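> Residue numbers (our numbering), protein chains in the order written: chain W, 1 to 319; chain Y, 1 to 182; chain F, 1 to 447.
Keep in mind the hints are simulated off the structure, nothing from the lab.
All values reported here derive from a predicted model rather than from experimental measurement.
Each residue gets a CB set at the ideal place from its N, CA and C atoms; glycine is no exception.
Warning: the hint list may mix true and false statements.
To be verified - Pair ranges (Cβ atoms, derived):
#1 F:Asp-336 - W:Asp-79: 54 to 64 Å
#2 F:Gly-148 - W:Pro-144: 54 to 64 Å
#3 W:Thr-141 - F:Gly-73: 46 to 56 Å
#4 Y:Thr-178 - W:Pro-144: 21 to 31 Å
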Amino acid sequence: MVKVTIDDKTIEVELGTTILSAARQIGGEVVPPAMCFYSKLPGTGGKCRTCLVEVSQGSEKDPRPMPKLVASCSTPVMDGMVVKNKTSERVHEGRGGVVEFLLINHPLDCPICDQAGECHLQDLGYEHGGQGTRYEEERRTFDPIDIGNKIKLHMNRCILCYRCVAVANQLTDKRVHGVLNRGEHAEISTYIENAIENDFSGNMIDVCPVGALTDKTFRFKSRVWFLKPMEASCECTKCSGKAVVWMFGNEIFRVTARKDQYGEVEDQDGKAGWICNDCRFDKKDVSKWNIAGPRMINRHSVISQGHYQSPRQSIKKIN
Amino acid sequence: MGSHVHTPISERHSEKPVFSAEKMVEVQRVINEYPEGKSKSALIRILHIAEESFGGWLSIETMDYVAEILKIEPIEVYEVATFYTMFNVQPVGNYVFEVCRTGPCMLVGSDQLIDYIGNKLDIKVGETTKDGMFTLKTAECLGACGYGPMLQCGKKYHEHLNPEKVDKLIDAYRSGNTNIEI
Amino acid sequence: MGRRLLLEHDNVPGIETIEVYRKHGGYRSVEKALKTMSPENVLEEVQKSGLRGRGGAGFPTGMKWSFLAKPEGVPRYLLCNADESEPGTFKDRYLMEKIPHLLIEGMITSSYALGANLSFIYIRGEYMWVLDILEKAIAEAYANGFLGKNILGSGFDLDLRVAPGGGAYICGEETALIESLEGKRGNPRIKPPFPAVKGLWGCPTVVNNVESIAAVVPIVNDGGEEYAKIGLGKSTGTKLISACGNLARPGVYEIEMGITVEEFIYGDEWCRGIANGKKLKACVPGGSSVPILPHYLVTKTAAGEDRLMTYESLSDGGFATGSMLGSGGFIVFDEDQCIVRNTWNFARFYAHESCGQCSPCREGTGWMEKVLHRLEHGQGNMRDIDLLAEINKKIEGNTICPLGDAAAWPVAAAIRHFRDEFEWHVNERTESQTRNYGLAKEISFAR
């Protein structure tokens, strides 16, 4: 076990733990945001740079600070390491810069984006973004395309986190989409018109931190904050059948995996609770589900507002 | 400048490309240079061989064929082919002139060289002459900084260029003399 | 005439063949190392030599070698970085096309020191004709028993291969190089783990520049101490400098570290001054990513001392008034050159070469290019100059690999030293499209 201090909070963690994971063990304000790292998908992380933190003391043995900010998702802790997240001005600036970069080419089409209300980029922009834009150039645009008959790709919104590529590599038997071109022209694509047909491809939607990959069966049906998330389960031979159904009245509008406060799928029966495409896209009939009860969404974005808390609590949370 | 990106979907070859027996030997030799199970490492070199063999560019069929040879998914080839700038995923002319435009070459006149070639061939950067003979492209630093302005055509570097040399070069290529030393 | 350790025989006819190369002392280091030295002895000599990585970062080669993990039963790899793509740098190409056996000899001796039995030379795809030269030379080396099984009866086996890239500057970054060698996109890896622990195919790997590996030959032949006697302080040995831009005699030169910049630019033995009798305006001494120096800081430091061709002297004054030796890509600008245009040109290069993996580099390099494009084309505003500095700050240090820094530094330095020229482009939008600004005004650095 090694000792690490993050924003004046100290915790003992196993050797090899990353700073981000140690911070999540502490919980609360010390946890850096993460847009590309996804603990259930090995190999992700390091790319978006939103989780940058300052290491003001490398370790007990070698107390020198690290000269650059480091990606907390991929930097292992050392014994006696001291990390600054919220308490570092440099982190604040660096992260603000990253948010600005992520937004310069973003269409800011939240009003017509299905992800609005549960979007990590919205949260990030809210917490670390500046007001207005200094970007005077024309934004980069792509045509939205269908990848398969159930998934829509809006490349304009993509932040190139590579999570969906990891899903295809790790959950499906054959990857048909990937990252093409390079630099600012890099894009997610199948290249040739190629449908992603696989029982677990729908999980790409759940891992997408923004509205780049959306569920076509839910497209423009409702805003997420008008829906009530309910914990539900069904008999399924392909997956655990444990999901969240998003309801309006007695109607199921969409089905997602059960996700934790960091937007990651929770473990079900000891393994990551990915859900299959049948559950996600085809079971919109209430009779197919056993509905256990309301699902608390422990996140700060708007979907967590209003439904299960008193208005007073909600207001406090926004502030 | 501002950009609407159209995914540059490669055009297609009408027939499935197949390496000649001789080329296949070369391809196998390249694959055998890597330890067992690491044949994907041969991808870039085989794409160069494929480009050379099938008209100077990589069609979907060519890339799928390479994927088949290396037993990898086609997307793995598309990803690589679109990352590296040497690979053309659109048809090109018989001879592709890639003029270096980066700093050191610019200091000694690469901008003028690009204009000169463009005017002479009556094409813009990125275009191919109507007769399908020449394609004009620009390239970032080709490592000939002390010998600029220069262009690359196939494996060859043509350095210390000026209008007279470019005229000679174009005439030579047009008459099929690719061994010209300029 | 300074001592030449690498290019001594570059103009000997037939030196690219193994016969002529051996007549001039070639492959002595292999015989010496494999027959009389242990791998550890070779490492010690390299450490004693003080050799610093010649690719640009200047990290001590011996130290890099000593970091290589050596777990039982796991192969180790030596990769030669011949991806040379830094604008202004063409030294490795010169060495490889002129004396291919020198690199091969260095690879054998170095692989022996590191315990690698399969080594690769990763060469940029555009150098395909150099690849042909290398493969021909490698075949000769096999035929003469310097490669293959049981080399010179020593029991040491080595296979050496050449692998081409496909046109991507980023593959000069060592983990991107490894990815590329695995047949993937050249996306730099997230570190840790470092290649010394997990590199090619997950095995411990050392990546060294062409010139560093070639330098191992004289180091083993003459001993590390002899090598360290050449040069000055921590800048030991000789360095290949590829000089280009507006010079009377551009080309690749081997210098003993420690000669003055003045002598290098104006000396008869070297570049013979600025072309066409023009005045020196600026110099980028170590490849496009290092800070540009205005004429008054090129041959003298801010303290008024002679600027020397060493790691230390070129970086004297830090980024405020210094630069870096970098890869030795020495780019000289005459009085007719436009700094704004050149800065835009370099920014365009980095935007073009960004792999697109991490957000600050993907978005930031493209943004800088667009702003600089406007400034250069008479459409810029005064606030754009500060905006560039701001974007810079937000890229620098925040990216996965050093390409972000490499893109940020030249822009920052150009604004630092040539701000008046940038402002002139804003104030004189029309005039700036028809003529150049001229020399930089000297700024006083008195503290």
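> Within 54 to 64 Å or not, the Cβ separation of Gly-148 (chain F) and Pro-144 (chain W)?
holds (56 Å)
> Check the following: the C-beta atoms of Asp-336 (chain F) and Asp-79 (chain W) are separated by a distance inside 54 to 64 Å.
holds (59 Å)
> Given a hinted range of 46 to 56 Å, is it respected by the beta-carbon distance of Thr-141 (chain W) and Gly-73 (chain F)?
holds (53 Å)
> A range of 21 to 31 Å was offered for this pair. Does it hold for the Cβ distance of Thr-178 (chain Y) and Pro-144 (chain W)?
Because 45 Å falls outside the window, the suggested range is violated.
Violation of the numbered hints given earlier is confined to hint 4; every other hint is satisfied by the structure.
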